[in-house]
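Protein chains in written order, with my numbering: chain S, 1 to 584; chain L, 1 to 584.
Warning: the hint list may mix true and false statements.
As the list claims (entries may be wrong) - Straight-line C-alpha distance at most 20 Å; calculated SDA-like pairs for lysine to any residue:
1) LYS318(L) - GLY133(S)
2) LYS33(L) - LYS315(L)
3) LYS135(S) - SER297(L)
4) LYS465(L) - PHE581(L)
5) LYS13(L) - ASP60(L)
6) LYS291(S) - GLY310(S)
7) LYS313(S) - TRP260(S)
8) LYS189(L) - ASN200(S)
9) LYS465(S) - LYS443(S)
10) LYS414(S) - LYS443(S)
11) LYS294(S) - GLY344(S)
12) LYS514(L) - GLU543(S)
13) LYS552(S) - TYR538(L)
14) LYS371(L) - LYS514(S)
15) LYS189(L) - GLU161(S)
16) LYS514(S) - LYS584(S)
17) LYS189(L) - ALA199(S)
18) LYS313(L) - GLU161(S)
19) LYS513(S) - TYR538(S)
20) LYS371(S) - ILE442(L)
21) LYS291(L) - LYS315(L)
22) LYS465(S) - ILE544(S)
23) LYS517(L) - SER542(S)
24) LYS517(L) - GLU543(S)
25) LYS371(S) - LYS291(L)
26) LYS371(S) - GLN243(L)
27) LYS291(L) - GLY133(S)
28) LYS318(L) - THR132(S)
29) LYS294(L) - THR132(S)
30) LYS230(L) - ASP60(L)
31) LYS135(L) - SER321(S)
32) LYS135(S) - GLN233(S)
What the hints contain is simulated information worked out from the structure, not anything from laboratory work.
2 protein chains.
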Amino acid sequence: MYLEKISAPSDVKQLNIEERRQLAQEMRDALLKRLSAHGGHFGPNFGMVEATIALHYVFDSPTDKIIFDVSHQSYPHKMLTGRKDAYLYPERYDDVSGYSCPEESEHDFFEIGHTSTSISLACGMAKARDITGGKGNVIAVIGDGSLSGGEALEGLDVAAELNSNFIVVVNDNDMSIAENHGGMYRNLKELRDTNGTAANNIFKAMGLEYVYVGEGNNIDALIAAFESVKDTQKPVAVHIYTQKGKGYQPAEENKENWHWCMPFDVETGESKFHFDGEDYGTLTADYLLKKMEKDPSVLAITSATPTVFGFTKDKREKAGSQFVDVGIAEETAVALASGVAKNGAKPVYGVYSTFLQRTYDQISQDVCINKSAVTFLVYAASVWGMNDVTHLGIYDIPMISNIPNLVYLAPTCKEEYFAMTEWAIEQNKYPVAVRVPSNGVIKSGREFPTDYNTLNKFEITRQGKEVAVIAVGDFYQIGEATVSALAEKGIEATLINPRFISGIDKTLLEELKKEHKIVVTLEDGILSGGFGEKIAGYYGTSEIKVLNYGFKKTFLDRYNADEILKENRITPELITEDCLFLLK
Amino acid sequence: MYLEKISAPSDVKQLNIEERRQLAQEMRDALLKRLSAHGGHFGPNFGMVEATIALHYVFDSPTDKIIFDVSHQSYPHKMLTGRKDAYLYPERYDDVSGYSCPEESEHDFFEIGHTSTSISLACGMAKARDITGGKGNVIAVIGDGSLSGGEALEGLDVAAELNSNFIVVVNDNDMSIAENHGGMYRNLKELRDTNGTAANNIFKAMGLEYVYVGEGNNIDALIAAFESVKDTQKPVAVHIYTQKGKGYQPAEENKENWHWCMPFDVETGESKFHFDGEDYGTLTADYLLKKMEKDPSVLAITSATPTVFGFTKDKREKAGSQFVDVGIAEETAVALASGVAKNGAKPVYGVYSTFLQRTYDQISQDVCINKSAVTFLVYAASVWGMNDVTHLGIYDIPMISNIPNLVYLAPTCKEEYFAMTEWAIEQNKYPVAVRVPSNGVIKSGREFPTDYNTLNKFEITRQGKEVAVIAVGDFYQIGEATVSALAEKGIEATLINPRFISGIDKTLLEELKKEHKIVVTLEDGILSGGFGEKIAGYYGTSEIKVLNYGFKKTFLDRYNADEILKENRITPELITEDCLFLLK
Numbered sequence: 001m002y003l004e005k006i007s008a009p010s011d012v013k014q015l016n017i018e019e020r021r022q023l024a025q026e027m028r029d030a031l032l033k034r035l036s037a038h039g040g041h042f043g044p045n046f047g048m049v050e051a052t053i054a055l056h057y058v059f060d061s062p063t064d065k066i067i068f069d070v071s072h073q074s075y076p077h078k079m080l081t082g083r084k085d086a087y088l089y090p091e092r093y094d095d096v097s098g099y100s101c102p103e104e105s106e107h108d109f110f111e112i113g114h115t116s117t118s119i120s121l122a123c124g125m126a127k128a129r130d131i132t133g134g135k136g137n138v139i140a141v142i143g144d145g146s147l148s149g150g151e152a153l154e155g156l157d158v159a160a161e162l163n164s165n166f167i168v169v170v171n172d173n174d175m176s177i178a179e180n181h182g183g184m185y186r187n188l189k190e191l192r193d194t195n196g197t198a199a200n201n202i203f204k205a206m207g208l209e210y211v212y213v214g215e216g217n218n219i220d221a222l223i224a225a226f227e228s229v230k231d232t233q234k235p236v237a238v239h240i241y242t243q244k245g246k247g248y249q250p251a252e253e254n255k256e257n258w259h260w261c262m263p264f265d266v267e268t269g270e271s272k273f274h275f276d277g278e279d280y281g282t283l284t285a286d287y288l289l290k291k292m293e294k295d296p297s298v299l300a301i302t303s304a305t306p307t308v309f310g311f312t313k314d315k316r317e318k319a320g321s322q323f324v325d326v327g328i329a330e331e332t333a334v335a336l337a338s339g340v341a342k343n344g345a346k347p348v349y350g351v352y353s354t355f356l357q358r359t360y361d362q363i364s365q366d367v368c369i370n371k372s373a374v375t376f377l378v379y380a381a382s383v384w385g386m387n388d389v390t391h392l393g394i395y396d397i398p399m400i401s402n403i404p405n406l407v408y409l410a411p412t413c414k415e416e417y418f419a420m421t422e423w424a425i426e427q428n429k430y431p432v433a434v435r436v437p438s439n440g441v442i443k444s445g446r447e448f449p450t451d452y453n454t455l456n457k458f459e460i461t462r463q464g465k466e467v468a469v470i471a472v473g474d475f476y477q478i479g480e481a482t483v484s485a486l487a488e489k490g491i492e493a494t495l496i497n498p499r500f501i502s503g504i505d506k507t508l509l510e511e512l513k514k515e516h517k518i519v520v521t522l523e524d525g526i527l528s529g530g531f532g533e534k535i536a537g538y539y540g541t542s543e544i545k546v547l548n549y550g551f552k553k554t555f556l557d558r559y560n561a562d563e564i565l566k567e568n569r570i571t572p573e574l575i576t577e578d579c580l581f582l583l584k
Numbered sequence: 001m002y003l004e005k006i007s008a009p010s011d012v013k014q015l016n017i018e019e020r021r022q023l024a025q026e027m028r029d030a031l032l033k034r035l036s037a038h039g040g041h042f043g044p045n046f047g048m049v050e051a052t053i054a055l056h057y058v059f060d061s062p063t064d065k066i067i068f069d070v071s072h073q074s075y076p077h078k079m080l081t082g083r084k085d086a087y088l089y090p091e092r093y094d095d096v097s098g099y100s101c102p103e104e105s106e107h108d109f110f111e112i113g114h115t116s117t118s119i120s121l122a123c124g125m126a127k128a129r130d131i132t133g134g135k136g137n138v139i140a141v142i143g144d145g146s147l148s149g150g151e152a153l154e155g156l157d158v159a160a161e162l163n164s165n166f167i168v169v170v171n172d173n174d175m176s177i178a179e180n181h182g183g184m185y186r187n188l189k190e191l192r193d194t195n196g197t198a199a200n201n202i203f204k205a206m207g208l209e210y211v212y213v214g215e216g217n218n219i220d221a222l223i224a225a226f227e228s229v230k231d232t233q234k235p236v237a238v239h240i241y242t243q244k245g246k247g248y249q250p251a252e253e254n255k256e257n258w259h260w261c262m263p264f265d266v267e268t269g270e271s272k273f274h275f276d277g278e279d280y281g282t283l284t285a286d287y288l289l290k291k292m293e294k295d296p297s298v299l300a301i302t303s304a305t306p307t308v309f310g311f312t313k314d315k316r317e318k319a320g321s322q323f324v325d326v327g328i329a330e331e332t333a334v335a336l337a338s339g340v341a342k343n344g345a346k347p348v349y350g351v352y353s354t355f356l357q358r359t360y361d362q363i364s365q366d367v368c369i370n371k372s373a374v375t376f377l378v379y380a381a382s383v384w385g386m387n388d389v390t391h392l393g394i395y396d397i398p399m400i401s402n403i404p405n406l407v408y409l410a411p412t413c414k415e416e417y418f419a420m421t422e423w424a425i426e427q428n429k430y431p432v433a434v435r436v437p438s439n440g441v442i443k444s445g446r447e448f449p450t451d452y453n454t455l456n457k458f459e460i461t462r463q464g465k466e467v468a469v470i471a472v473g474d475f476y477q478i479g480e481a482t483v484s485a486l487a488e489k490g491i492e493a494t495l496i497n498p499r500f501i502s503g504i505d506k507t508l509l510e511e512l513k514k515e516h517k518i519v520v521t522l523e524d525g526i527l528s529g530g531f532g533e534k535i536a537g538y539y540g541t542s543e544i545k546v547l548n549y550g551f552k553k554t555f556l557d558r559y560n561a562d563e564i565l566k567e568n569r570i571t572p573e574l575i576t577e578d579c580l581f582l583l584k
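Start from the sequences, fold in the hints, and give me the full structure.
See below:
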């Protein structure tokens, strides 16, 4: 076995043609075994095995610096840069993260998990090299799906001005997570169809030199191409045509489903993960499809993650022209939504909290200054969301709730989620974001108003005294449990569902002063700049004591949610303990 | 005079060839007179006179919808859409804003002041039209400078998929505010040089149809081109070559200086605005140039606003390869800075607070997760900054100070500004932003440490008791005056320069409890999600009363700073009044 003997890229250089081919097969076998047991990004990595071998055969990492966009294609790189054991031996699977990681290896330069950043980051590395008299090739590796992101397109434009060594390897597998969207993909197709010879060429139009490799899974063709650009003094794009999921039939046949996988049965390709319960994604798509049938002006918008709100292929087809996938282009998704609202239709943008970070300025300028009635459905904004450092969703409250004119709503259960979403879509006065709960689909059995026009009106769900617990969104259930825990200690506390994150109910807060000594706030996000601090600010000049619960401002990584909750004292028992201490 | 008789676009349609030419001359005369007295965007508007006449001659606004990017070229449009008086009569000059404005006219659809948004906004209008069975052309007008922005490039790509009527007019005057930067500008030149016939074509590569107009200041040529695309059912780019500043010699000759102007003498072109004092822009460029001479690894970065930190043309030339203008591409500026830092050099990104909004995700993902030692110099983050609704700089504290790992520093005077900036550049552990004061260059005569490695350490500058005033950055002087005002009332208050905005000094805050009853916070930004609320949060469980001063979360527009300060009770007298009331 060759892979077992690869402890650094220099070992790859010793292999002959046949050995390199054998290595590729071994890497695929290891990937298949690991991914079937562990889950992870499948398709992009399977497509990049040969190119990664060729990169390390031709270039000298880490003197030559390879930066992998979004890291979805970085597993083969990890296997060849001293981390093979994490792919060969089940007991070592957790040694590596799913993303490039400088702490793991000198061959990784950044923690990368958002798309479209590699070219601009690499531009900076090249620029630093040039002004400090440094050496080595700088290589950005980016998938065709990531190319449509603003940061990547800006980067291509800027790269062309470097006038020194710079290589962009474009891994074109003709797919994003789902199918690609955007006019540029017609040009990529034209280039593939003409073996790179079409006169019209997006890379050349951006000012780069250009090399095409039609056989992107042929190690020798790739080696020849990389050798031809090595040490180039002009920025160049190497466009390679690879096959997503190559080498595993189910993945070759259903590329979208196999972009990323849960543990699966290797023989059949069937997922071992079965979920029979309800989820907010599916519920939302079904709800929107019903609305669309009655109202042709409802438009669902995604930026390349259609399943975040349940729009699987069949449902996208059902929605037809009332569903838009702008591709990886979050900024445009938000601006487009504003235009849709201003021209009399009803846009609903479903997005992960972590990717909403791409759109601060568009939310502020394109939407909120213009009071465009856009509905944002914000997913995985929670400690129970994705837990890789690059995909955390717990920063949204400071980021968007402090933008003027935005109404940020936090439903506490399924019924309230749909009441709020319905109001958001049907009203025409405010930009509204709804923070989709991440603690499972909880049915309260309660009815909720469908009118939230009276902004910032909190709701008392249980009237008590001494202690008032204001529990935001999916922390409402922790609030309930806390009130119960307090009751066991003889304190009949008040429970409040604030409903609004973007403002406070001064009348209610003032009223609380009469019979309460402590106000507790609970939010599923970082404390810094968040909701609780606004309550503390309000009570700054009063006798009321305020206890804010949320997370410390820090980047977490691959954490256990229960542990994080405990560390931040967010359990009914610990909160009760704190209240009792204060009441002494 | 024809202009006097134009009260709607329909009046433009009545004019014959010669009358249209006459109208263009009258519009330029009016623009010249108004701008010489009032200031504003000069070059872009002078170049777009003919194109705007042609647009309104051919299309039927507001059924046909024209969206002007960044609004720098929207004055001629305003003149032809019922707002001529604001350009003809000095007493009416203040009737209109400098940006497109739906409140002024049904011919404007958005408040727009940031670049690169028009295409994506227009995509949304077209999409809404298509699903609701609406009518009319949708036209985005964008300058070549704005094209390099990520949102614009994403928008081009998405527009091509609309498969219905959509027109992008690209106003190519071969300039951004300063010269253009980026590889795509070579392609625009190639297109101009070949009268639009070059095979390689960025617009076609993005999937759009393409029409070229070499004589972009020839009304009849423009009319012919616009007529050829009117009611098109395929997205098309109309690339027009205009002359920036056309018709006024000084502006034709020095395009960069005449992008925007202060009031000037029409005869000579000399500015009537003279400023002999020091400004942080010039001081910063001079300081950085000195550092660059000694240290080749210092790199100054701008995204198309080089003069924000004093890099006029001569100074850019002096800096040579140690100065990078990425063009309008804020995201890439930040990512590039991260790459520069990771490869051993010292990046300094000078940027207006309002444009930093473009880069939330890049600050978080590309810089802060990776702990890249980037220095951000944040300008006009203040009530005394730009006061148009689209250019407000008072939201930066909630936006960036709550991002983990970022150190946000607030200097209170010139000496402290340079001490902090020097530390930021020379250290290698943290991403650091420095909030450049906006209350003039104030010399304190004090010496400051050059080591800020002990994070979040506040400084007591005057020890007192009862009341402690924590005054952030350029509100420090208001803090000083407040302490004096309190002294007149017999209260010897404590004054604190917190220095750090991104964290709090718990030791010092704990210590304050001993001899203080009130802690006052002062910050030059909105309260919501800001610094003061963190202090309130800290003291939530104590006896200390906290008074937070800052601005209400709202979009201000064309305001008077003194009035806003008073409205928010940010004057020494009013703060003193509040303290005395609380101490009663």
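To see whether the hints hold, each was checked on the structure:
1. With a C-alpha separation of about 19 Å, the suggested pair LYS318(L) and GLY133(S) falls inside the 20 Å cut-off, and the hint holds.
2. Between LYS33(L) and LYS315(L) the alpha-carbon distance is near 32 Å, which puts this suggested pair outside the 20 Å criterion.
3. Annotation: proposed proximity of LYS135(S) to SER297(L) holds, straight-line Cα distance about 14 Å (limit 20 Å).
4. Distance restraint check for LYS465(L) and PHE581(L): the Cα-Cα separation of roughly 17 Å lies within the 20 Å cut-off, and the hinted pair is therefore satisfied.
5. Using a Cα cut-off of 20 Å, the hinted pair LYS13(L) and ASP60(L) holds, with the two alpha carbons roughly 10 Å apart.
6. Restraint check for LYS291(S) and GLY310(S): satisfied, since their Cα atoms lie roughly 15 Å apart, inside the 20 Å limit.
7. Of the pairs offered as hints, the one joining LYS313(S) and TRP260(S) holds, with about 16 Å between alpha carbons and a cut-off of 20 Å not exceeded.
8. Note on LYS189(L) and ASN200(S): the hinted pairing holds, with a Cα-Cα distance of about 16 Å set against a maximum of 20 Å.
9. Proposed proximity of LYS465(S) and LYS443(S) is contradicted: the alpha carbons are some 27 Å apart, above 20 Å.
10. Among the hinted pairs, LYS414(S) with LYS443(S) is consistent with the structure: their alpha-carbon atoms are about 5 Å apart, no more than 20 Å.
11. Among the hinted pairs, LYS294(S) with GLY344(S) is consistent with the structure: their alpha-carbon atoms are about 16 Å apart, no more than 20 Å.
12. A threshold of 20 Å between alpha carbons decides the hint, and for LYS514(L) with GLU543(S) the separation of about 18 Å falls inside it, so the pair holds.
13. Distance check on the hinted pair: LYS552(S) and TYR538(L) sit about 13 Å apart at the alpha-carbon level, within 20 Å; holds.
14. Taking the CA atoms of LYS371(L) and LYS514(S), the gap is near 47 Å; set against the 20 Å cutoff, the hint is violated.
15. Only pairs whose Cα atoms come within 20 Å are accepted, and LYS189(L) paired with GLU161(S) is accepted, the gap being roughly 15 Å.
16. For the given pair, LYS514(S) sits about 19 Å from LYS584(S) by alpha-carbon distance, which is consistent with the 20 Å threshold.
17. Taking the CA atoms of LYS189(L) and ALA199(S), the gap is near 17 Å; set against the 20 Å cutoff, the hint holds.
18. Among the hinted pairs, LYS313(L) with GLU161(S) is consistent with the structure: their alpha-carbon atoms are about 18 Å apart, no more than 20 Å.
19. Taking the CA atoms of LYS513(S) and TYR538(S), the gap is near 11 Å; set against the 20 Å cutoff, the hint holds.
20. Restraint check: the Cα-Cα separation between LYS371(S) and ILE442(L) comes to about 39 Å, which exceeds 20 Å; the hinted pair is violated.
21. For the suggested pair LYS291(L) and LYS315(L), the alpha carbons sit about 13 Å apart, so the restraint of at most 20 Å is met.
22. A distance of roughly 12 Å separates the Cα atoms of LYS465(S) and ILE544(S); the hinted pair therefore holds under the 20 Å criterion.
23. Between LYS517(L) and SER542(S) the alpha-carbon distance is near 12 Å, which keeps this suggested pair within the 20 Å criterion.
24. Among the hinted pairs, LYS517(L) with GLU543(S) is consistent with the structure: their alpha-carbon atoms are about 12 Å apart, no more than 20 Å.
25. Between LYS371(S) and LYS291(L) the CA atoms are separated by roughly 45 Å; this puts the pair beyond 20 Å, and the hint is violated.
26. Taken as a hint, the LYS371(S) and GLN243(L) pair is broken in the structure, with Cα atoms around 35 Å apart against an allowance of 20 Å.
27. Pair hint LYS291(L) plus GLY133(S) holds up; C-alpha atoms about 18 Å apart against a cutoff of 20 Å.
28. Restraint check for LYS318(L) and THR132(S): satisfied, since their Cα atoms lie roughly 17 Å apart, inside the 20 Å limit.
29. Between LYS294(L) and THR132(S), the direct Cα distance comes to roughly 12 Å. Compliance with the 20 Å bound is thereby established for this hinted pair.
30. Proximity of LYS230(L) to ASP60(L) is assessed by CA-CA distance (about 10 Å); at most 20 Å being required, the pair is judged to hold.
31. At roughly 17 Å between alpha-carbon atoms, LYS135(L) and SER321(S) fall within 20 Å of each other, so this suggested pair holds.
32. Under the criterion of a C-alpha separation no larger than 20 Å, the hint pairing LYS135(S) with GLN233(S) is consistent with the structure, at around 12 Å.
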